[in-house]
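Asker: Generate the whole structure from the sequences, applying the supplied hints.
There are 2 protein chains.
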Amino acid sequence: MFQDQNVVYIGRKPVMSYVLAVMTHLNRPDATEVVLKARGNAITTAVDTAEVTRRRFMETLQIDKIDVGTEELTQQDGRTRAVSTIEITLKR
Amino acid sequence: MFQDQNVVYIGRKPVMSYVLAVMTHLNRPDATEVVLKARGNAITTAVDTAEVTRRRFMETLQIDKIDVGTEELTQQDGRTRAVSTIEITLKR
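In order, the protein sequence lines correspond to chains A and B.
So for the first sequence, numbering that gives the first Met the number 0 puts the first residue at 0; every next one is plus one.
So for the second sequence, numbering that gives the first Met the number 0 puts the first residue at 0; every next one is plus one.
A portion of the hints provided could be inaccurate.
If several chains are the same, the list does not tell them apart, and a pair holds so long as it fits within one copy or across any two.
[Unchecked claim] Each computed PhoX-like pair below joins lysine-lysine, with the alpha-carbon atoms no more than 20 Å apart:
(1) Lys12 to Lys64
(2) Lys64 to Lys36
(3) Lys64 to Lys90
(4) Lys90 to Lys12
(5) Lys12 to Lys36
(6) Lys36 to Lys90
Calculated from the structure, these hints are not laboratory results.
Answerer: Written out as structure tokens, the structure reads:
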């Protein structure tokens, strides 16, 4: 499956695994930004990831943009449910 | 206790109670903006509140600014713990 190389998808893993993914990405010489994408309860983990990376590991890292939105998820019974989303763009 | 009249503090109540607080605030003739403040797991509820208010009840409402940060909480045993925060400014 193709995965956008600029994006770290935030799910249910511990915050430090996403911090590591962000650091790994930004340590490439040609990478200057990364986008954290999350929905639902993972939104808090996305904010934690941005804050921990910035405060503990990469103090020059800046939060360039934060967008929130809503996605319609179709459930197994065919009904749709709205879930909030966040995209946090980090720049070094 | 003095409570900043522009601010809705988001905690553990259902999303709709915060949506109602936002609407009540913005229906005053002199109020044009409101700030949602949350930390930890309530961050997701803050995003939900902004999205539900904007999509279902007040389609002219705009997200003016989103800031994230970190607060140091002192626990009962004297140790400190970092917790992520969010502030979402809504304008009508």
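Asker: For which of the previously enumerated hints does the structure constitute a violation, in increasing order of number?
Answerer: 1, 4
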